[in-house]
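Chains as they are written, first to last, in my numbering: chain F, 1 to 277; chain V, 1001 to 1302.
In short, the hints are calculated from the structure, not lab data. Just so it is clear, CB atoms sit at the ideal spot from N, CA and C, and this is done for glycine as well. Check each hint, because a few of them may be wrong.
As the list claims (entries may be wrong) - Sample of chain F residues at the chain V side, in silico, Cβ under 10 Å:
#1 ARG175
#2 ASP177
#3 ALA182
#4 VAL196
Said to hold, decoys possible - Which stretches of chain F does chain V cover? Using the computed rule of at least three CB atoms under 8 Å from a CB of chain V, they are:
#5 183-195
#6 266-277
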Amino acid sequence: MKTLSENRKAALLSILILIVGCLIWEASIPAQKAVGELTEYELLTGGGQPKAGVPPPSQVFAKAWEQLSNPFYDAGPNDKGIGIQIGYSIYRVLTGYALAAAIAIPLGFLIGMSSVAYKALNPFIQVLRPISPLAWMPLALFVIQDSEMSAIFVIFICSIWPMLINTAFGVAGVREDWVNVARTHELSALKTAFTVILPAAAPTIVTGMRISIGIAWLVIVAAEMLVGGTGIGYYVWNEWNNLDLTSVIFSILMIGVVGMLLDSMFGLLQRTVAYTE
Amino acid sequence: MAKPFLSIEQLTQRYPDGQGGEFTVFEDASFGIEKGEFVCILGHSGCGKSTIMNILAGLAEPTSGVVKMDGRHVSGPSLDRGVVFQNYSLLPWLTALKNVTFGVSARFPSWSKEKVIEHSTAFLAKVGLTGDTIHRKPSQLSGGMRQRVSITRAFANEPKLLLLDEPFGALDALTRGTIQDELIKVWSDTDQTVFMITHDIDEAILLADRILLMTNGPMAQVAESVEITIPRPRVRNDIVEHPNYYAIRNHLVHFLAQRSAELAGQPGDGANQPETIRIDLTDAQESEEPEPAKPVLRAVEG
Ligand SMILES: Nc1ncnc2c1ncn2[C@@H]1O[C@H](COP(=O)(O)OP(=O)(O)O)[C@@H](O)[C@H]1O
Ligand SMILES: [Mg+2]
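Sequences and hints are given; from them, build the entire structure.
This is the structure we're talking about:
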């Protein structure tokens, strides 16, 4: 008992913080009086209606249990399981993200390899990059005429920049010695790109990919609140309209958990491509 | 006279000097290297040794002049010319073995994977790298081990010409000595031609058949070609007792300490071939420069 490993200590502390936090939360929510305890006056003035207050954690856990035990039910447009909603969001994020990666990484390679391409494209990147992705939404809706595709486009446009910039940066920063190793071994341009430049730049590229997926997951919630229909963002907004704060809190937690999972996937990828000089 | 295996003809390298003009690193440098020769080039830092080597490797283009190997123009890098870079230049995401197989599979594309690994492992063993060590990444290897891998990568490719740029510069004296011995061992097993840059006089005497001396830059020249008249195999501790050792060493020290600066910036004498110096006290008639060998024995650094 005397020497707990640091990780164990941290884990115990985390659990303690969680429990204490939940208890304080639970205790700070005034209990609703049961109907039997209400005075006649309260009954007449509607005081017995459940108040739309912040729900206690016990309710959120109950909700989570209920939702997660049947995540994929589908009972019409406004009543779908949390799994389906998250599935829609992930589908949009991954589609937009994959399209962005398919363009950003090859283009980043080009920009990184050629200073002319870099100088030519840099002004465009500098102007387009700071635009809030949601600012594209009206234009996307008008041009694409499809809310689903517009959401995907918004994800595409927000995740392209970190990947593009990091790829270009990583490729441009590949040590000349390594390129010379490829040259003295008479490797073709393609082989050099795949066996030397890509692995050399991979840590920087994957960092860009990780930043992008994080941004994409932030943006999808807002985008779905705008376009509606399906997705976790729409779900949050819909439950807010229903004044079901328990579901709102539950879905906020789910957004966090999925975001963490997406991020840790890229964290894992980052570790596999990392190298020390 | 037949053309040597490697011939460097009137090589000139100029760079812009950053103020609109240009400065000449070296001008009309010409020399030859015979097949199987081990040649070291000595000169002060900045005189253009690496520049010459990069041109020989085909990694850089000279301002003018040509390099011919086996009578053919050198243009661009080739697997016939292996390079060991000063900072090892191992690919850090590959293991030691994979760094070597990387080169071998590029050199022998028709070989099976097994054959490539077998060949690479055998070459690594020649420099004493065996077992688990070869499956480590460069970052997990000591400086000496990294340089061994780097030398193996070049040797395992069996290039016709091996170019080494101050390969032992960053190593401690003890490790340097061991790897020098290994290098000589590997080299004498083959008929490879070696061109090596160094700033260590004792290293050059131990390893080289011939030492090229460069004057200081700018406008550096390859002024002299000093034959090392000490028979092989040379053993580090024994060569100092050879009558020619201190005569040659003193000549080299004198050149680097004094004459490299005196001769600097002087235009070549037209012929542009380095003057051949042969110091051989064991055969008094042939000695062109009868410098008295100092009988005192001193510890040899390096
Ligand atoms: N790409 C370059 N542009 C301008 N000057 C260079 C370049 N490469 C080398 N030099 C200059 O050429 C000279 C010779 O350099 P280098 O061949 O590296 O010397 P050494 O290897 O003998 O120390 C130095 O003065 C260096 O500053
Ligand atoms: Mg140098």
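Given F/VAL196 as an interface hint, is its Cβ closer than 10 Å to any Cβ of chain V? holds, 7 Å
Under 10 Å is the threshold here; is the Cβ of F/ARG175 close enough to any Cβ of chain V for the hint to stand? holds, 8 Å
Between the region 183-195 of chain F and chain V, are there enough contacts, at least three residues with CB-CB distance under 8 Å, for the coverage claim to hold? holds (count 6)
Does F/ALA182 pass the interface check with chain V, least Cβ-Cβ distance below 10 Å? It holds, given that the least Cβ distance between F/ALA182 and chain V is near 9 Å, below 10 Å.
Chain V over the region 266-277 of chain F, status - at least 3 residues with CB closer than 8 Å: Coverage by chain V holds for the region 266-277 of chain F (4 residues, Cβ < 8 Å).
Would the hint on F/ASP177 stand, with a C-beta cut-off of 10 Å toward chain V? holds, 4 Å
Checked against the numbered hints above, the structure violates none of them.
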